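A.B. asks: Go ahead and model the full structure; you've got the sequences and the hints to work with.
Chain by chain, the residues:
Number of protein chains: 6
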Amino acid sequence: MHLRVINPNTTSAMTAKIGEAARRVGAPGTRISATQPDSGPVSIESHFDEAISAVGVLEEVLTGEREDVDAYVIACFGDPGLMAARELTRAPVIGIAEAAFHMATLISTRFSIVTTLGRTGIIAEHLLENYGFRHHCRRVRAAEIPVLDLEENGSVAMSRIIDECRRARDEDSIGAIVLGCGGMADLTGAIANEVGLPVIEGVTAAVKLAEAVVGLGLGTSKYGDLAFPRPKAFTGRFERLSGLAPSR
Amino acid sequence: MHLRVINPNTTSAMTAKIGEAARRVGAPGTRISATQPDSGPVSIESHFDEAISAVGVLEEVLTGEREDVDAYVIACFGDPGLMAARELTRAPVIGIAEAAFHMATLISTRFSIVTTLGRTGIIAEHLLENYGFRHHCRRVRAAEIPVLDLEENGSVAMSRIIDECRRARDEDSIGAIVLGCGGMADLTGAIANEVGLPVIEGVTAAVKLAEAVVGLGLGTSKYGDLAFPRPKAFTGRFERLSGLAPSR
Amino acid sequence: MHLRVINPNTTSAMTAKIGEAARRVGAPGTRISATQPDSGPVSIESHFDEAISAVGVLEEVLTGEREDVDAYVIACFGDPGLMAARELTRAPVIGIAEAAFHMATLISTRFSIVTTLGRTGIIAEHLLENYGFRHHCRRVRAAEIPVLDLEENGSVAMSRIIDECRRARDEDSIGAIVLGCGGMADLTGAIANEVGLPVIEGVTAAVKLAEAVVGLGLGTSKYGDLAFPRPKAFTGRFERLSGLAPSR
Amino acid sequence: MHLRVINPNTTSAMTAKIGEAARRVGAPGTRISATQPDSGPVSIESHFDEAISAVGVLEEVLTGEREDVDAYVIACFGDPGLMAARELTRAPVIGIAEAAFHMATLISTRFSIVTTLGRTGIIAEHLLENYGFRHHCRRVRAAEIPVLDLEENGSVAMSRIIDECRRARDEDSIGAIVLGCGGMADLTGAIANEVGLPVIEGVTAAVKLAEAVVGLGLGTSKYGDLAFPRPKAFTGRFERLSGLAPSR
Amino acid sequence: MHLRVINPNTTSAMTAKIGEAARRVGAPGTRISATQPDSGPVSIESHFDEAISAVGVLEEVLTGEREDVDAYVIACFGDPGLMAARELTRAPVIGIAEAAFHMATLISTRFSIVTTLGRTGIIAEHLLENYGFRHHCRRVRAAEIPVLDLEENGSVAMSRIIDECRRARDEDSIGAIVLGCGGMADLTGAIANEVGLPVIEGVTAAVKLAEAVVGLGLGTSKYGDLAFPRPKAFTGRFERLSGLAPSR
Amino acid sequence: MHLRVINPNTTSAMTAKIGEAARRVGAPGTRISATQPDSGPVSIESHFDEAISAVGVLEEVLTGEREDVDAYVIACFGDPGLMAARELTRAPVIGIAEAAFHMATLISTRFSIVTTLGRTGIIAEHLLENYGFRHHCRRVRAAEIPVLDLEENGSVAMSRIIDECRRARDEDSIGAIVLGCGGMADLTGAIANEVGLPVIEGVTAAVKLAEAVVGLGLGTSKYGDLAFPRPKAFTGRFERLSGLAPSR
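Note that the protein sequences, when read in sequence, are chains G, S, W, V, A and U. Per full-length UniProt numbering, the first sequence starts with residue 1, numbered consecutively. Per full-length UniProt numbering, the second sequence starts with residue 1, numbered consecutively. Per full-length UniProt numbering, the third sequence starts with residue 1, numbered consecutively. Per full-length UniProt numbering, the fourth sequence starts with residue 1, numbered consecutively. Per full-length UniProt numbering, the fifth sequence starts with residue 1, numbered consecutively. Per full-length UniProt numbering, the sixth sequence starts with residue 1, numbered consecutively.
Just so you know, the hints here were simulated from the structure itself, not pulled from any lab data. These numbers come from a predicted model, not from an experiment. Among the clues, some could well be false.
As the list claims (entries may be wrong) - Straight-line alpha carbon distances no greater than 20 Å define the calculated SDA-like cross-link-like pairs of lysine to any residue that follow:
hint : chain 1 : residue 1 : chain 2 : residue 2
1    : S       : K222      : W       : D170
2    : G       : K232      : S       : P146
3    : G       : K222      : S       : I122
4    : S       : K232      : G       : G118
5    : A       : K222      : V       : D68
6    : S       : K222      : G       : A142
7    : V       : K232      : W       : D170
8    : G       : K222      : U       : R166
9    : S       : K232      : G       : E152
10   : A       : K222      : U       : A142
11   : G       : K232      : S       : E152
12   : U       : K222      : G       : L197
13   : G       : K222      : S       : E152
14   : W       : K222      : S       : R169
15   : W       : K222      : S       : L197
16   : W       : K232      : V       : E151
C.D. replies: Here it is in structure tokens:
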């Protein structure tokens, strides 16, 4: 199967890192390609960044459909464009926040999230509510580091994340920690070693869930509310989306 | 005050209709301008349409900021881009779904929604959950008419909406009905006359809520999670959004 | 329109203050009268005080109906008698707790409440649950000052409220603060200046919401569960309520 | 122990009936007196009736305190004045709605309510929410009979209640039925015989719960939010409530 | 009536203590017998201990059915085997966790739980959710003492429990404390004296609730989901359960 | 990896069928062994059957631990013994109900369950609540066929299940159906063909989720509430469980 990991931001170093993390856990038969939109924010740290990035995510799915991609991962912790992306394809589309939450509840009864900036906490809270995991998550914590510091200022960022993870472990009555940013995909092992309880990262979790769905012969339901969008006219810069019809 | 009603789709007839509906309820001191994105879907009937339309909504807010707009209404029942729009301005931004829900709970204990297509029901359900009104809404009903039929095929659409509203009244143990589409903004009175219980429409509701917030000297909180986005680089077609900083 | 603000307690200084606060935000066309019951508690700080005060609130609404009042505000943070008051009239009736909650969610994603006495916190909690805002409110805080201290001991009370608001701002991950007592209606501006994030007060919020409902041509639904009470006999001191029938 | 059953309405026939029902289940050591306010509605079928009746309920509790009553039952299915009544005494105070809900969950996993008028359903719904039983109750059903028909028109009322109970049994996937009116206290056995699944009535349930609390040496907590109200001035017709202080 | 208190663990000292506590509150007409399984864990401090103990509980209920027991109490705070036990009998079966929660909500608006080991907190949380009391419980606290320390090391255990109860009282905004272990049944009075707010213990609470259900002529519903299990074959060590049919 | 599928009942034909279904979806590197307890019910259709079966499930996990099993699946839709099983091992343990729910939410927004007997519906409801999926499941439906009819009376059972699935599809506004019994593991494809929307079966779903967890290098958290049980004495027939200590 061909699994496409879409980094919703346009920082290619992060795309590469995310692709590598994904490949480390991919099954033998899984070919993993990592892409990013050509247009959009270099990092995603607000509802605004997310809304803009969703366009790129959706275009990447449309591209993927022409390339017979079998499953998609949206590699930003806010799962930008997830529902819309699912409408565009019969393939499964997995967000890394949802993937991490699902995995966390399979190996623990309660978890905390450690994310980058406090202001993105509300995005995680809204996702927890919509996905049904509000009561499984004890606390959303922030290390207060901008996303790109993970690229440019790795060791300082790492140390602040580990500190916050330790506080979560000691104060939150949890069994696992969820890392709240796709840019932390390469840090999981090191953090887990330092902190001493399971640490779950969404990119890798999403890869395995996507493989699981495909392995069951399942894909996004095209019956009901995730059916292909009704073809229609789009105007102006989005005209190319007009009359979009299912490719398969 | 200058209130801008943003029609998130690009059908100018609908923009005009929405603008008129808004002006009918605007207070004497409220100047209302209705706009629409130059690019995007001609109607919004899916998560995909919504995600694309959000870009246009956000650009309209950025434009509004340069024109000293005092309040914004997002006139599509899915409230596309609402949280992101709020980040861009000190002015209040009101979605028409949220506005209708708030109004409905002020005059009744339980309401039902009558929307266009069944497939958009899940969007309304998710909003109800996030806004806190899940238990106040008895049922999300669909008349199963495409949005643009409201423009092109008005009398048939009208009759199907009224039929569904009557069923809601008779079967749902409710005190009010919420109309689930900005394109129904001109039908409210006629439907209410036929159905005989309060019928709430979001465009007009949002205008009054926006006036209320401004009248209190309040605006979108810039403290915490709706603060202005951190300025950053955007690439490609979105480069013009780079380094965006609060204009006021 | 004629808007009546009902102070549910019988302290006329507070009625005057609340009336002034209401008038400061009333629209040009809104005539605001402030009243209070002739019988009842001088302040409301318990379920018991609330239950007794509800009688006065309802009598004030009945009086208002004879005077063609167009909208009512119940100016105590427990919203005493709200549902019952709505049954008595076609006009909208807005409680100040509910009004403040609605406003807070329009300009922020999460808020905290700062109220007078800790023992009234449970009243606010129950309202949050019934109105749907449980998860929007991070915390109910108390400055531990009796209500009438706001009248008699203003500067000390003020300083304790500001201290508690600052703690809310610094510890609660919120975007706005709701003041939990009608007696704080005159303090909003000063507190907001000191605290530096939006501060929402219910009396003024309710005035604007009442204007909004009336401006839409809406009123309390008389269909279903807020219909006029069935006329019936009342005995003893409540005999005058017998056979009560809608005046309009 | 002396248990006082307070009928919140002023129909003495109903008070007598409720008292008899209570005595039928009272333990040997339980002396049961049934009272009613001297002033208030003859039946309770709306939020308005409830709010007025609460005054009488509270006065009856104050009277009871002077008579060394050991436990109180509030015998109207809306539990009018329950929280306020608890503030006035160290004795337990049990509402018949809450009592019936508690009992129902001890003998079944899901129940339905059969009440008198549809318009009172919302009162039951709000209680279910506040007490935590929303998901234990499948459905609130109404036989659409006015409360006093239970007194005056017994056999017709009985037959409609039984019909509705049968529909609940056959359609709702339940294990028990809760009767939603104190006026049905004498019908429980007959209905249960006809319907063939456990039928729970609140007056009797509340008597046994009150005995249970007293039997444990417990009473209403006077620590925290149900503490005695702060003594204060009441004006006008309620002046006699001024300076109210705990009698024991 | 004959009430059987089943201690789900096999420590006879604890069975004796629980039996005594039960008898102290039993009504004159209530004969109380305390039993324990002949096989199972000596204490219950994990999901595993609970699952094994459930077998013993169910066997005790089957034994009780042959001895015409009228009501059962399951005296471990996790309520092990509760739903299954209810299927086996027309008699009421009450768990001590559920009993304590019910009682706590009748005398206070919010409570905290003080249990033995932190690891069992999740069991209490799951029960709170299923029973509907999630929002009534402020916090689940642990004194971090193994269950059998209550037998062997009483004074140290007692002192740690009292310390934790005091913290609950001072920090949690509660009106009552629930003791989270059947082994604390003899400590209730002493703790309440030290802590100064109502302390609720489940064994005694369950005895009174069981008496209440029996006193109403009610028992576990045999209609629907708690009906007797369909008779069927069991194999191996559980063969004696084959073809189990209702004894009465 | 070695994945053990535990059929909690003792019907070997069902164990064989479940094993085959599991192997059909297992990855190349996954060795799948299917086992069943030597003692317990031949089918699981009640809380009682479930409670007894849990012992066998736990013994199978203990056996598996000695055989270096890498992951476990509990193949009964009530997930009997799931939390307890997780305490016994560092390996992941996946229940088939939870697995099916997780999968369903990854490919649709709302699903319904079609199970065997109506009386087991409450078990599914409780699981949905504890796992967080209450609002994702529209309805729990029963074909009203005993579990063993799936073995002995296949074509009639099949036809009733398909009928119920069609009703779910047509009436429930869903995107997917979850089959609510391990005994349906071989029917999934055929049902999906007949019904025309995704049909999810738990055994296969759980296999893929178990592979996913192992593929991430994760296992059941041994930090906090799923830690190994404290070693202790067990008496009588369960004496062999005494002093149980982690084998790895």
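A.B. asks: The structure should be examined with respect to each hint, and the outcome stated for every one.
C.D. replies: Each hint, compared with the structure:
no.	hint	result
1	K222/S - D170/W	holds, 14 Å
2	K232/G - P146/S	holds, 11 Å
3	K222/G - I122/S	holds, 14 Å
4	K232/S - G118/G	holds, 17 Å
5	K222/A - D68/V	violated, 41 Å
6	K222/S - A142/G	holds, 19 Å
7	K232/V - D170/W	violated, 35 Å
8	K222/G - R166/U	holds, 16 Å
9	K232/S - E152/G	holds, 15 Å
10	K222/A - A142/U	holds, 19 Å
11	K232/G - E152/S	holds, 15 Å
12	K222/U - L197/G	holds, 8 Å
13	K222/G - E152/S	violated, 28 Å
14	K222/W - R169/S	holds, 12 Å
15	K222/W - L197/S	holds, 8 Å
16	K232/W - E151/V	holds, 15 Å
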